[in-house]
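Engineer: Here's the letter readout for the chains.
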Amino acid sequence: MNQELPERLIDESMRRVDGRKPDELRPIKIEVGVLSNADGSAYIEQGRNKILAAVYGPKEVHPRHLSLPDRALLRCRYHMAPFSVEERKSPAPSRREIELSKVIREALEPAIFLERYPRTAIDIFIEILQADGGTRCAGITVASLALADAGIPMRDLVVACAAGKVDGTIVLDLNDVEDKLGEADLPVAVMPSLNAVTLLQMDGLLTLEEFEQAINLAIDGCKRIYKLQKEALKAKYLAIKEEVEE
Amino acid sequence: MPVFYDNRELVTPGDLLAEGNYAAGKNTYKVGNRIYASQLGLMEYDKREVRVVALNAFYTPSVGDLVIGKIVEVNVNGWTVDINAPYLATLKASDVIERFRPQRDDLLSVLDIGDLITAKIVSYDRSRPPTLTIREPGLGKITYGQVVKITPTKIPRVIGRKGSMISVLKRETGCKIVVGQNGLILVQGRNPEDERLVVMAIHKIEREAHTSGLTDRVTEMIRKGRVARNESGVAGKANR
Numbered sequence: 208m209n210q211e212l213p214e215r216l217i218d219e220s221m222r223r224v225d226g227r228k229p230d231e232l233r234p235i236k237i238e239v240g241v242l243s244n245a246d247g248s249a250y251i252e253q254g255r256n257k258i259l260a261a262v263y264g265p266k267e268v269h270p271r272h273l274s275l276p277d278r279a280l281l282r283c284r285y286h287m288a289p290f291s292v293e294e295r296k297s298p299a300p301s302r303r304e305i306e307l308s309k310v311i312r313e314a315l316e317p318a319i320f321l322e323r324y325p326r327t328a329i330d331i332f333i334e335i336l337q338a339d340g341g342t343r344c345a346g347i348t349v350a351s352l353a354l355a356d357a358g359i360p361m362r363d364l365v366v367a368c369a370a371g372k373v374d375g376t377i378v379l380d381l382n383d384v385e386d387k388l389g390e391a392d393l394p395v396a397v398m399p400s401l402n403a404v405t406l407l408q409m410d411g412l413l414t415l416e417e418f419e420q421a422i423n424l425a426i427d428g429c430k431r432i433y434k435l436q437k438e439a440l441k442a443k444y445l446a447i448k449e450e451v452e453e
Numbered sequence: 024m025p026v027f028y029d030n031r032e033l034v035t036p037g038d039l040l041a042e043g044n045y046a047a048g049k050n051t052y053k054v055g056n057r058i059y060a061s062q063l064g065l066m067e068y069d070k071r072e073v074r075v076v077a078l079n080a081f082y083t084p085s086v087g088d089l090v091i092g093k094i095v096e097v098n099v100n101g102w103t104v105d106i107n108a109p110y111l112a113t114l115k116a117s118d119v120i121e122r123f124r125p126q127r128d129d130l131l132s133v134l135d136i137g138d139l140i141t142a143k144i145v146s147y148d149r150s151r152p153p154t155l156t157i158r159e160p161g162l163g164k165i166t167y168g169q170v171v172k173i174t175p176t177k178i179p180r181v182i183g184r185k186g187s188m189i190s191v192l193k194r195e196t197g198c199k200i201v202v203g204q205n206g207l208i209l210v211q212g213r214n215p216e217d218e219r220l221v222v223m224a225i226h227k228i229e230r231e232a233h234t235s236g237l238t239d240r241v242t243e244m245i246r247k248g249r250v251a252r253n254e255s256g257v258a259g260k261a262n263r
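Chains as they are written, first to last, in the working numbering: chain A, 208 to 453; chain B, 24 to 263.
Hints may be right or wrong, so weigh each one.
To be verified - No more than 27 Å apart at the CA atoms, straight line, and that leaves these computed lysine-lysine pairs for BS3-like:
1) A:430 <-> B:53
2) B:172 <-> A:448
3) B:172 <-> B:115
4) A:443 <-> B:143
5) B:172 <-> B:143
6) B:49 <-> A:441
7) B:53 <-> B:93
8) B:199 <-> B:185
9) A:448 <-> B:227
10) A:266 <-> B:164
11) A:443 <-> B:49
12) A:441 <-> B:199
13) B:172 <-> B:49
14) A:448 <-> B:164
15) B:185 <-> A:448
16) A:266 <-> B:93
17) A:443 <-> A:430
18) B:193 <-> B:172
19) A:443 <-> B:93
20) B:227 <-> B:185
Don't read these hints as lab results, they were simulated from the structure.
Bear in mind the structure is a predicted one, so any value in this text is a computation, not a measurement.
For reference, chain A alone in the conformation it holds in the complex:
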């Protein structure tokens, strides 16, 4: 996909490698309830990212000894398909995937009323079908939709978006090239209605002012994606309503 690396990531007219403005998101398409065998599911396309999420539960915990007496056990698997990147990726979970699974689980945990369902498990599967940078953020965004689709009580939807610095400019929603060649990447996950941050990571270097600018930009991006999330969640039911009530 990105064979020849661009010399500059931002041109004279402040356009990025894919033609976006610094504060512009990639085009996003979301669909909810795409898998009939899962209790809840969702699919997202964010730029060239294609991600599928499925949720099962709450259900009995297997193996039994893992169950928690006071709350539900949340298990999360972030996995990249072998064909999701240019060079075939081994399907075995890598160090990076294991870490991201944990980070995503911890970003979603505060949104779920886990204490209401002791001794049960909720399983989340996030499958990256095609990756183009920012998959952890898009993964969190779809996973929270899959949870809501499964009917699991939540405080709020969790939505994530990254900001970063490329060629000295603070930009929103980095793609793969910008992430690899840029100076900094700052993924943020929030629960917008509650004004709470559930994930904050940083890779690279930013000054204090730049950091502040970047985090505000990322949160602004999250709020824009949040609107799309809500629309997608309602779309399934509004379509039926229109169909029968003509």
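Using the hints, position chain B against chain A.
Structural biologist: Then chain B, alone, in the frame of chain A:
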């Protein structure tokens, strides 16, 4: 005390529903004096309370509920039953067999793995799995008919206001219908065609539960189905 959504408006988790002196009803939660939705569903409110009717949810057991379950395990002194809930339920042998003797009685001959039963929940709390009873008239092993699974939140819609929907289904098809609160519905008719008609109607109700004028559409659908069947001569004479 403002309310931010209309009655029967679609809301998503995290939506701020109301502020002020309301009680947080079903599928909502309260932070300070703000009430938020915790499910995707339809908003409902009155003077006192704000609640959300969820569009999709799993079944949470509650004492006194009639449920339909499947035997998944036979133990020394009882059965383990899948009741479509986060927890497996138990049915004690002493509840089913009078003067139960573990050494003599063969539980497999009473209820085997895969058998379906109608049962009532007698106890359930956070610390132990729900227990069932079949010691009431009409409960016990299901011997014929079809079982349909729908999302448990739509059970009230299948029953309808004061049982209006279910009585339409029964009257129009002549089937016996047992509605489990856990989302499983047993349909017993005089022939499989009648049952199939009810199953189709139930799926329609599930799909269109959040719309209005549903009872009329379902009645119409069943009547059309019956006419089509009688014309093609599948049922032969009408079963009345």
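Engineer: Now, for every hint given, state plainly whether the structure supports it.
Structural biologist: A quick look at each hint next to the structure:
1. A:430 <-> B:53: Roughly 22 Å separates the two Cα atoms, so the pair holds.
2. B:172 <-> A:448: 22 Å, holds
3. B:172 <-> B:115: With Cα atoms ~25 Å apart, residue 172 of chain B and residue 115 of chain B stay inside 27 Å; holds.
4. A:443 <-> B:143: 34 Å, violated
5. B:172 <-> B:143: 18 Å, holds
6. B:49 <-> A:441: 19 Å, holds
7. B:53 <-> B:93: 37 Å, violated
8. B:199 <-> B:185: Distance of about 18 Å is within 27 Å: holds.
9. A:448 <-> B:227: Since the Cα atoms of residue 448 of chain A and residue 227 of chain B sit roughly 12 Å apart, the hinted pair holds (cutoff 27 Å).
10. A:266 <-> B:164: 25 Å, holds
11. A:443 <-> B:49: 22 Å, holds
12. A:441 <-> B:199: 35 Å, violated
13. B:172 <-> B:49: Distance of about 23 Å is within 27 Å: holds.
14. A:448 <-> B:164: 38 Å, violated
15. B:185 <-> A:448: Measuring from Cα to Cα gives roughly 24 Å; hence the hint holds.
16. A:266 <-> B:93: 16 Å, holds
17. A:443 <-> A:430: Cα-Cα ~21 Å, so holds.
18. B:193 <-> B:172: Holds, at about 18 Å.
19. A:443 <-> B:93: 31 Å, violated
20. B:227 <-> B:185: 20 Å, holds
Violation of the numbered hints given earlier is confined to hints 4, 7, 12, 14 and 19; the remaining hints are satisfied by the structure.
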